[in-house]
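Starting from the given sequences, assemble the full structure and let the hints guide the process.
Protein chains in written order, with full-length UniProt numbering: chain A, 1 to 324; chain B, 1 to 709.
Keep in mind the hints are simulated off the structure, nothing from the lab.
This structure is a prediction, so every number in the text was calculated from the model and none was measured.
Glycine included, each C-beta is placed from N, C-alpha and C at the ideal position.
Please note: incorrect hints may appear among the correct ones.
When the alpha-carbon atoms are kept at most 20 Å apart in a straight line, the in silico DMTMM-like pairs for lysine to aspartate or glutamate are as follows [as the list claims (entries may be wrong)]:
1) Lys105(B) with Glu33(B)
2) Lys215(B) with Asp189(B)
3) Lys126(A) with Glu90(B)
4) Lys236(A) with Asp126(B)
5) Lys215(B) with Asp257(B)
6) Lys105(B) with Asp126(B)
7) Lys639(B) with Glu22(B)
8) Lys283(B) with Asp189(B)
9) Lys240(A) with Asp189(B)
10) Lys166(B) with Asp319(A)
11) Lys283(B) with Glu355(B)
12) Lys240(A) with Asp126(B)
13) Lys283(B) with Glu363(B)
14) Lys236(A) with Glu98(B)
15) Lys463(B) with Asp498(B)
16) Lys236(A) with Asp96(B)
17) Lys101(B) with Glu90(B)
18) Lys85(B) with Glu98(B)
Covered stretches of chain A, as calculated for chain B (at least 3 residues, CB under 8 Å) [as the list claims (entries may be wrong)]:
19) 215-223
20) 244-250
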Amino acid sequence: MTGFLLRRLVNYVVLAFVATFLAFSLASITFDPIGVLQQRNPPPPAATIDAKRHDLHLDQPIPQRFFTWMGGVVQGDFGRTIADRPITDELGRRVGVSLRLFLLGITIGILFGVLLGVVSAIRQYKFSDYFATLFSFVVLSTPVFVLGTVLKLGAQNLNNSIGDNVLLFTGETTPGFEGSWIASLLDRVQHLIVPTLTIALGQIAYYSRYQRSSMLDVLGSDFLRTAQAKGLTRRKALFKHGLRTALIPMATLFAFGFGLLVVGGTFTERLFSWFGMGDWLITGISTQDTNVTATVTLFVAVCVLFSGWLADVLYAALDPRIRI
Amino acid sequence: MSSAELLFDSADRPAPTGPVLEVHDLAVSFPSESGRVRAVRGLSYQVAPGEVLGIVGESGSGKSVSSLAVMGLLPPQARITGSIKFQGRELIGLNDGELSKIRGKRVSMVFQDPLSALTPVYTVGDQIAEALLVHRGAKISKQAAAKRAVELLDLVGIPNAVERAKAFPHEFSGGMRQRAVIAMAIANDPDLIIADEPTTALDVTVQAQVLEVLKTAQEVTGAGIVIITHDLGVVAGFADRLMVMYAGKAVETGQVDEIYARPRMPYTLGLLGSIPRLDVGEKQPLVPIVGQPPSLTELPPGCPFAPRCPMEVDACRTAEPELVDVDGSAEHRAACIRTDELAASDTEGAEAAVEIFGAEVVEEAPIAKVPREERKIVLQLSGLVKHYPVTKGVVLKRRVGTVHAVDGISFDIREGETLGVVGESGCGKTTTLMEILNLQKPMGGTLSVLGQDAADLNAKSRKAIRRDLQVVFQDPMAALDPRLPIFDVIAEPMQVHDLDKEHIANRVPELLDLVGLRREHASRYPAEFSGGQRQRIGIARALALNPKLLVLDEPVSALDVSIQAGVINLLEELKAKLGLSYLFVAHDLSVVRHIADRVAVMYLGKIVEIGQVDEVFDAPRHPYTQALLSAIPIPDPVKERQRERILVTGDLPSPANPPSGCRFRTRCFLHATLSEDKQRTCVEVEPPRQEQGEDHEAACHFAQIRQVL
Ligand SMILES: Nc1ncnc2c1ncn2[C@@H]1O[C@H](COP(=O)(O)OP(=O)(O)OP(=O)(O)O)[C@@H](O)[C@H]1O
Ligand code: SF4
Ligand code: SF4
Ligand SMILES: [Mg+2]
Chain A
1 MTGFLLRRLV NYVVLAFVAT FLAFSLASIT FDPIGVLQQR NPPPPAATID AKRHDLHLDQ
61 PIPQRFFTWM GGVVQGDFGR TIADRPITDE LGRRVGVSLR LFLLGITIGI LFGVLLGVVS
121 AIRQYKFSDY FATLFSFVVL STPVFVLGTV LKLGAQNLNN SIGDNVLLFT GETTPGFEGS
181 WIASLLDRVQ HLIVPTLTIA LGQIAYYSRY QRSSMLDVLG SDFLRTAQAK GLTRRKALFK
241 HGLRTALIPM ATLFAFGFGL LVVGGTFTER LFSWFGMGDW LITGISTQDT NVTATVTLFV
301 AVCVLFSGWL ADVLYAALDP RIRI
Chain B
1 MSSAELLFDS ADRPAPTGPV LEVHDLAVSF PSESGRVRAV RGLSYQVAPG EVLGIVGESG
61 SGKSVSSLAV MGLLPPQARI TGSIKFQGRE LIGLNDGELS KIRGKRVSMV FQDPLSALTP
121 VYTVGDQIAE ALLVHRGAKI SKQAAAKRAV ELLDLVGIPN AVERAKAFPH EFSGGMRQRA
181 VIAMAIANDP DLIIADEPTT ALDVTVQAQV LEVLKTAQEV TGAGIVIITH DLGVVAGFAD
241 RLMVMYAGKA VETGQVDEIY ARPRMPYTLG LLGSIPRLDV GEKQPLVPIV GQPPSLTELP
301 PGCPFAPRCP MEVDACRTAE PELVDVDGSA EHRAACIRTD ELAASDTEGA EAAVEIFGAE
361 VVEEAPIAKV PREERKIVLQ LSGLVKHYPV TKGVVLKRRV GTVHAVDGIS FDIREGETLG
421 VVGESGCGKT TTLMEILNLQ KPMGGTLSVL GQDAADLNAK SRKAIRRDLQ VVFQDPMAAL
481 DPRLPIFDVI AEPMQVHDLD KEHIANRVPE LLDLVGLRRE HASRYPAEFS GGQRQRIGIA
541 RALALNPKLL VLDEPVSALD VSIQAGVINL LEELKAKLGL SYLFVAHDLS VVRHIADRVA
601 VMYLGKIVEI GQVDEVFDAP RHPYTQALLS AIPIPDPVKE RQRERILVTG DLPSPANPPS
661 GCRFRTRCFL HATLSEDKQR TCVEVEPPRQ EQGEDHEAAC HFAQIRQVL
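So, in structure tokens, the structure goes:
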């Protein structure tokens with residue numbers, strides 16, 4: 001078992017490496033930072049351009065550039081941005097921002113998604129089921145930036161009616177905010193609510209659909225009947241035997257949902273001016289910055305692949321039938 | 001089993017008085033698109049303490065629904081009326097919380113499909129312990145419950161129970177899971193156990209073991225048992241009283257012996273006449289009950305059996321007959337207006353059934369008179385081998401073992417002959433069949449069909465042989481394409497072989513006639529037919545190209561007995577009429593005895609005994625055949641109670657790792673009684689197939705005749 005998980009981990013590391021290499025090559029081929037430089041008015045002297053080219057290792061073939069960069073990465077140095085600032089300095093902060101936003105959103109999403117799915121399944125074709133279905137379809141068919149904007153407007157209205165800015169939705173903190181740690185924590189929470197809700201709603205809608213159908217499969221099962229036949233009340237049988245079994249197929253979903261969300265969160269970050277990884281990717285592409293793009297790709301690859309690994313672990317933990 | 005008395009100390013309980021269960025005028029209906037399905041329509045019965053009541057009836061007759069009603073486990077949309085009293089207390093109207101205090105403690109239930117009856121994510125031990133914990137709450141510690149779970153597993157015959165309690169359900173075989181479910185059912189020493197087809201999904205050898213366990217369970221708990229089954233053999237030796245259900249009602253009730261000997265309702269009579277008998281040598285006619293059970297949404301007035309009843313008269317259609325006393329005894333009751341006439345007739349039981357339903361023994365084909373040696377060989381297998389690799393890993397598969405699915409089997413089938421192949425599931429029956437149908441050079445040994453070696457065939461000659469070699473599968477629904485009308489289904493093989501349109505258009509109605517369906521049915525879709533009719537369609541399709549050899553894989557095992565009889569009769573008629581040869585694979589030995597001329601008994605990829613049907617059944621030489629035959633219940637209460645069962649222990653070993661020497665030795669009862677020397681022979685030397693008499697061979701070093709029927 002441990003051996004299996006270790007082998008999988010090695011596989012994933014290789015995959016992350018390959019993904020990053022591809023992103024790096026693609027970025028190197030398409031980006032033209034020197035061209036940007038040359039279009040400046042007045043154009044910089046040729047010596048400056050040559051120096052820049054040398055700094056960016058553009059005079060080397062792409063694989064060599066990649067390994068040079070990778071060599072740094074292994075030692076914790078992700079290279080420099082196009083504006084010549086060390087990436088490593090910014091990386092930690094941005095990862096923190098992204099994780100803060102998503103971990104919370106996804107946890108809430110999973111908890112309430114599962115709950116909503118279970119309730120819908122148990123009360124199939126009742127009002128609550130129809131309501132949950134409607135909710136999910138509306139949320140899932142709304143693009144994130146629309147949903148975010150609507151929530152923003154809602155928050156603004158709420159603030160107006162209260163007459164105080166309770167819910168804040170620009171950035172992580174109020175710039176220049178000073179106060180005790182309690183006050184600054186509160187300030188952060190005020191900033192966190194609307195963006196988290198934006199993410200959580202989508203997640204709830206998504207998970208609840210899957211949980212509903214996996215729970216419905218279990219509802220008609222013989223073992224649930226056996227559990228009741230031995231004296232468990234329906235409710236207890238449903239949760240102890242039914243839900244526990246219905247969660248198995250969800251494990252993969254939970255894990256991958258997390259990995260992909262980091263990429264999908266780009267819009268949310270931009271919308272609420274959170275300078276996380278998603279935001280950075282857009283910045284990286286628009287400034288034609290290979291190193292930043294590759295760094296974000298590496299981060300996403302690591303997230304996705306770690307999720308895959310986590311899914312394996314969860315699966316093995318949840319389902320005794322998986323013997324590896 | 002000596003711990004049993006300690007486990008179940010019933011001294012503190014008051015001596016039971018009155019019936020444990022009293023069901024009165026129970027009716028259950030479900031909403032459906034075509035109106036209310038009246039699944040149970042006024043059912044009344046009682047179970048006395050310690051009594052075993054058998055409930056039999058066709059699929060859909062309301063057996064399961066009525067017992068789920070007792071457990072309070074029907075889905076919420078079911079409408080339930082009437083009264084269900086358990087030890088004097090009314091159960092209908094109790095809420096889930098109140099019922100849950102009774103369920104599993106006073107009344108428990110064993111379900112049909114053991115494979116899905118246990119929650120996959122908890123260990124077997126934990127699930128049994130849960131039954132104790134949920135009812136005794138703080139009065140029993142977790143450790144004590146776990147210990148007790150192990151004792152219960154031991155009681156139901158799980159070897160090495162301490163270890164096995166920690167296993168998950170998927171690590172148990174079907175039989176072991178059913179034992180675990182029974183352990184759960186008796187955990188709280190209930191007063192009533194309801195077993196809904198507890199052995200239907202199991203192999204006969206395992207069925208015999210599980211029935212034995214149920215008997216033990218009854219002895220130690222003293223509980224009343226309601227056993228539901230469609231197998232009249234199972235209840236014959238086990239039940240005290242019997243209730244026959246038809247269309248949601250009881251149509252006959254009484255003592256088991258009485259009903260088997262003197263059935264007083266035509267339906268019961270028909271049922272008894274429709275089962276082939278394992279213990280009867282000479283050909284007996286099988287009684288088919290024509291038609292199907294009525295739809296439960298719109299029952300016409302009158303006797304629900306009237307459309308299928310050979311004794312039906314106008315009066316039957318006016319009012320539904322009530323259960324009335326037979327021969328002036330309230331012990332035996334039947335719902336038929338002509339009960340008295342049945343009583344007055346000179347014949348009884350199966351004989352009466354044959355007379356009343358007008359069944360006949362199917363004439364043998366002329367070719368059957370020709371001595372076997374002089375007939376042509378249509379199929380010959382010699383030393384046929386088929387192994388499957390066992391692989392591990394998802395991306396990089398590596399071979400970790402070999403399943404010896406078929407390991408060198410030889411037999412031949414001559415013109416106009418039926419060879420039955422029997423054996424437990426997993427013994428290689430279907431693999432053998434698939435190898436034959438493949439018509440490729442086998443992995444080992446030779447296969448020749450109609451005189452042609454499969455190894456020498458090219459694409460063209462293979463296709464030509466396929467015309468003469470056709471197949472009928474078990475599941476009539478799965479074998480037919482639901483989107484095609486019957487005409488196309490039957491025509492398909494002819495189209496594949498490029499027969500012209502006109503020929504096909506003439507042939508299909510002919511085939512429908514042949515299998516007893518109406519010509520007008522050609523335009524209908526498979527879903528509009530009943531199971532028996534679908535099987536007939538499958539047979540018509542197989543016959544389309546005038547084959548010489550039909551391969552039948554469990555062709556009747558998905559059908560109810562009354563329907564099964566009709567299909568068996570049809571197969572016999574066709575064989576005689578068209579001079580066909582059959583390879584008939586089945587697990588039901590009674591059916592094989594009835595239809596086959598010769599029989600081959602398979603065990604773990606080998607043939608252990610082969611020969612003339614009557615020879616093998618009346619004088620079996622191989623211990624496995626003896627055990628197999630002995631495991632099969634006979635629908636005759638008197639005989640059945642006197643029979644001594646040879647129980648095969650344990651489950652089939654894994655075919656990936658068959659035992660050395662004789663493959664049956666791990667379960668062989670004879671082996672255990674042998675001297676050490678002889679035992680060594682079994683372990684070291686694989687027994688060859690030896691002549692045991694005329695056309696009778698067995699593969700056992702110490703073969704000896706033992707009569708078991
Ligand atoms: N939940 C349900 N909803 C609607 N109809 C149902 C439901 N359960 C059972 N029925 C119907 O009730 C009738 C009786 O079913 P039941 O399961 O009791 O038959 P049975 O005698 O146990 O048959 P079998 O031998 O196949 O187990 C059938 O017509 C069935 O289709
Ligand atoms: S009442 Fe009539 S139709 Fe019904 S079983 Fe008796 S004879 Fe047959
Ligand atoms: S050879 Fe030995 S083990 Fe095998 S069946 Fe005969 S007696 Fe039993
Ligand atoms: Mg049933």
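**Request:** State the violated hints by number, sorted upward, taking the hints as numbered earlier in the document.
**Result:** Of the numbered hints, 1, 3, 7, 8, 9 do not hold.
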